[in-house]
Amino acid sequence: MKRNVLTLIIGAVLVVIFALLLFVFQVRQSEVAVVTTFGRPVANLTEPGAYFKWPWPVQNVYKFDQRVQNFEDKFSPTLTADQNNLLTSVYVGWKINDASAFFRKIPGASVPAAQSMLESMLRSAKSAVIGKHPLSEFVNANPQELKFGEIENEIELSVQNELHTNNYGIEIEFLGIKKLGLPENVVKNVFDRMTSERQVLISKLQNDGVAQAAIIKSGADRQASEMINNAVASATRIRAEGEAEAAQTLPVFEQNPQLANFLLRVDAIKAALNQRATLILDERTPPFDLFRNLPANPPGQ
Amino acid sequence: MKHDHDHPHDHDHDHDHGHGESGHPPAPPEPVATVDAGSQALEEALRSSFVIVKVAMAVMVVVFLGSGFFTVGPQEKAVILRFGKPVGEGQKALLTTGLHWSFPYPIDEVVHIPITEVQKITSTVGWYFTTPEQDLSGEELPPGQSLDPARDGYVLTADRNIIHTRATLYYHIDDPLRYVFDFTNAAVTVQNALNNALISSAARFNVDDILLRDQAGFKDAVLLRVTELTEAEKLGVSIDNCEVQSVPPRQLAGVFSAVTTARETRTKALQDAQSQTNQVLSAAVAQAVGITNLAATDRDNYVKSLKAEAKRFTDLLPQYQKYPALFAQQKVAEAMTEALTNVEDKMFLPEREDGKPREIRLMVNREPPAPKTGAATP
Numbered sequence: 001m002k003r004n005v006l007t008l009i010i011g012a013v014l015v016v017i018f019a020l021l022l023f024v025f026q027v028r029q030s031e032v033a034v035v036t037t038f039g040r041p042v043a044n045l046t047e048p049g050a051y052f053k054w055p056w057p058v059q060n061v062y063k064f065d066q067r068v069q070n071f072e073d074k075f076s077p078t079l080t081a082d083q084n085n086l087l088t089s090v091y092v093g094w095k096i097n098d099a100s101a102f103f104r105k106i107p108g109a110s111v112p113a114a115q116s117m118l119e120s121m122l123r124s125a126k127s128a129v130i131g132k133h134p135l136s137e138f139v140n141a142n143p144q145e146l147k148f149g150e151i152e153n154e155i156e157l158s159v160q161n162e163l164h165t166n167n168y169g170i171e172i173e174f175l176g177i178k179k180l181g182l183p184e185n186v187v188k189n190v191f192d193r194m195t196s197e198r199q200v201l202i203s204k205l206q207n208d209g210v211a212q213a214a215i216i217k218s219g220a221d222r223q224a225s226e227m228i229n230n231a232v233a234s235a236t237r238i239r240a241e242g243e244a245e246a247a248q249t250l251p252v253f254e255q256n257p258q259l260a261n262f263l264l265r266v267d268a269i270k271a272a273l274n275q276r277a278t279l280i281l282d283e284r285t286p287p288f289d290l291f292r293n294l295p296a297n298p299p300g301q
Numbered sequence: 001m002k003h004d005h006d007h008p009h010d011h012d013h014d015h016d017h018g019h020g021e022s023g024h025p026p027a028p029p030e031p032v033a034t035v036d037a038g039s040q041a042l043e044e045a046l047r048s049s050f051v052i053v054k055v056a057m058a059v060m061v062v063v064f065l066g067s068g069f070f071t072v073g074p075q076e077k078a079v080i081l082r083f084g085k086p087v088g089e090g091q092k093a094l095l096t097t098g099l100h101w102s103f104p105y106p107i108d109e110v111v112h113i114p115i116t117e118v119q120k121i122t123s124t125v126g127w128y129f130t131t132p133e134q135d136l137s138g139e140e141l142p143p144g145q146s147l148d149p150a151r152d153g154y155v156l157t158a159d160r161n162i163i164h165t166r167a168t169l170y171y172h173i174d175d176p177l178r179y180v181f182d183f184t185n186a187a188v189t190v191q192n193a194l195n196n197a198l199i200s201s202a203a204r205f206n207v208d209d210i211l212l213r214d215q216a217g218f219k220d221a222v223l224l225r226v227t228e229l230t231e232a233e234k235l236g237v238s239i240d241n242c243e244v245q246s247v248p249p250r251q252l253a254g255v256f257s258a259v260t261t262a263r264e265t266r267t268k269a270l271q272d273a274q275s276q277t278n279q280v281l282s283a284a285v286a287q288a289v290g291i292t293n294l295a296a297t298d299r300d301n302y303v304k305s306l307k308a309e310a311k312r313f314t315d316l317l318p319q320y321q322k323y324p325a326l327f328a329q330q331k332v333a334e335a336m337t338e339a340l341t342n343v344e345d346k347m348f349l350p351e352r353e354d355g356k357p358r359e360i361r362l363m364v365n366r367e368p369p370a371p372k373t374g375a376a377t378p
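Those sequence lines, one after another, are chains A and B.
Each residue of the first sequence is one higher than the one before, starting from 1 at the first, in this note's numbering.
Each residue of the second sequence is one higher than the one before, starting from 1 at the first, in this note's numbering.
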């Protein structure tokens, strides 16, 4: 009988497992589930774990991925407020936040159906929002005039509102512009404009280079001449200092102006007759006066 | 399991809903004594096969439990989902490198998450169309007249220029639970954030800033924006680095490089002017110093010579006062001697006998400008 007990236990375990398979289902982390009784939603399960249900055909379980899903719409043209044809594509992170609503509202409760619905919402939201803004609010170096973030927020809000009003069981986690562009023929015009802008820039750079170089050079010349003028001025001042200092010695000469005068003249003679001079003298000039007073030989001796 | 269905007790539970062929209801044990040799052999065979089945079951149980072992590699973490719910709260749910055990499916499910390795994402907007083969070989098709919005990517700059730019983002996963359980494809979400960062940053930078003047600023703007976005979107990643490459449209490569050339020419002209300035200024400094030094020397010499003069005067004064006439004659004679030694041409012109003045005529040539040494020229 011991062996019978063992087999009974094994059998019981197997029954339990089988029953669990029939009556219990799991909701995985990242999933939400809707339980229907004869096709009517009765429970909305958002927490992961194991749950009880009646087996088919009484109750059915529909599980949905509640993670954030990526979706982006087609790169499509929209007119801006200033009549520019702007190509835009936006990306959306969306998720199912109410599985039973999603189950009821979305055809086939399928993700592609939800996304095609999102796409049409995005299209109308985009054309409404972009139509209110000029191109200068999409691209602008001035942060006050740039409305890039605001435009994204407006589109998001518009889609969010529509989702909320219709209660699709979907919410948008984030929305952003993924791509901006211009139609092909406009791109060509932009290229032409860019080319002429570059050419303007080239000639501006060339002229500016010449002008700046001239300014630098003339500045240098001015500075140099100023330095020399200053040096000349200070040289004059230095010399004046010397004269002032020398003047202090003048009283010495005052003791005998005659001698001073005489010495000056002697020095002047020395300086004047220094070199490269021609001197014509007669016998009255000393020391040649010696010749005049030479005693003559007595005639006849 | 099918072999033992004839056995009186075992098959009852095993085959509750199994095969309809086990028609025997549970019956009292059959008298063993009455079995003949044939059925005895059958019973032997059944018994031994039952042993095999038991061993097989034991092995299966062991294998079943053993299949719960798994390893977590160095570049990953793992989470055990028990009935779909992570075991452990928050970061504690993460299993680190090593050997682990979980209940086999369907009780537990092991999710491996790459974590330590740096993830790399490249932007998908903003660059012209190339095929993967062209990327590998480095050869590109010549550009067309315009850009096809369906194929070629580009960004619009703040001054409405069109340029190509692409970014490569390096990030790692901080919160693996969010990364895996809150996003169907978090990598694509990061990529879209990067794309958005690229075009929204380009929208507020001028073309020359992106391409030349402020490349670092543009890169920082992209990095900042993508960091903000991934934080706002709660992706559970942290951004390590971002590389941005920007080029003008290939259609305008010539005119853009001409601007670069012009810019370089301008820089060179300015540098030349600057170096000339330096030369001029240092020459002027030298000249100015020369002028003031000369003046200082002059001053010193003047003062010194006058002092010397004064001293001489003081020295001579007593002599002069003693013998004024003799002193004067002596000094004049001295001066004449010195003068006559130095003077080149000396002419002595005695008085005429009759005492009348003599007439002489001098032809004076203007002297050629002579070097300082003073060449002896008549």
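It should be emphasised that the hints constitute simulated quantities derived from the structure, not laboratory data.
C-beta atoms are modelled at their ideal positions from N, C-alpha and C, and glycine is treated no differently.
Mixed in with the good hints there might be a few duds.
So the derived label-pair ranges between C-beta atoms look like this [unchecked claim]:
no., chain 1, residue 1, chain 2, residue 2, range
1, B, GLU44, A, PRO55, 40 to 48 Å
2, A, ALA240, B, LYS356, 49 to 57 Å
3, B, LYS304, A, GLY219, 35 to 43 Å
Straight-line C-alpha distance at most 35 Å; calculated DSBU-like pairs for lysine-lysine [stated by the list, open to error]:
no., chain 1, residue 1, chain 2, residue 2
4, A, LYS95, B, LYS54
5, A, LYS132, A, LYS105
6, A, LYS132, B, LYS322
Verification of the supplied hints:
| no. | hint | result |
| --- | --- | --- |
| 1 | B/GLU44 to A/PRO55: 40 to 48 Å | 43 Å, holds |
| 2 | A/ALA240 to B/LYS356: 49 to 57 Å | 54 Å, holds |
| 3 | B/LYS304 to A/GLY219: 35 to 43 Å | 42 Å, holds |
| 4 | A/LYS95 to B/LYS54 | 50 Å, violated |
| 5 | A/LYS132 to A/LYS105 | 31 Å, holds |
| 6 | A/LYS132 to B/LYS322 | 119 Å, violated |
Hint violations for this structure: numbers 4, 6, all remaining hints satisfied.
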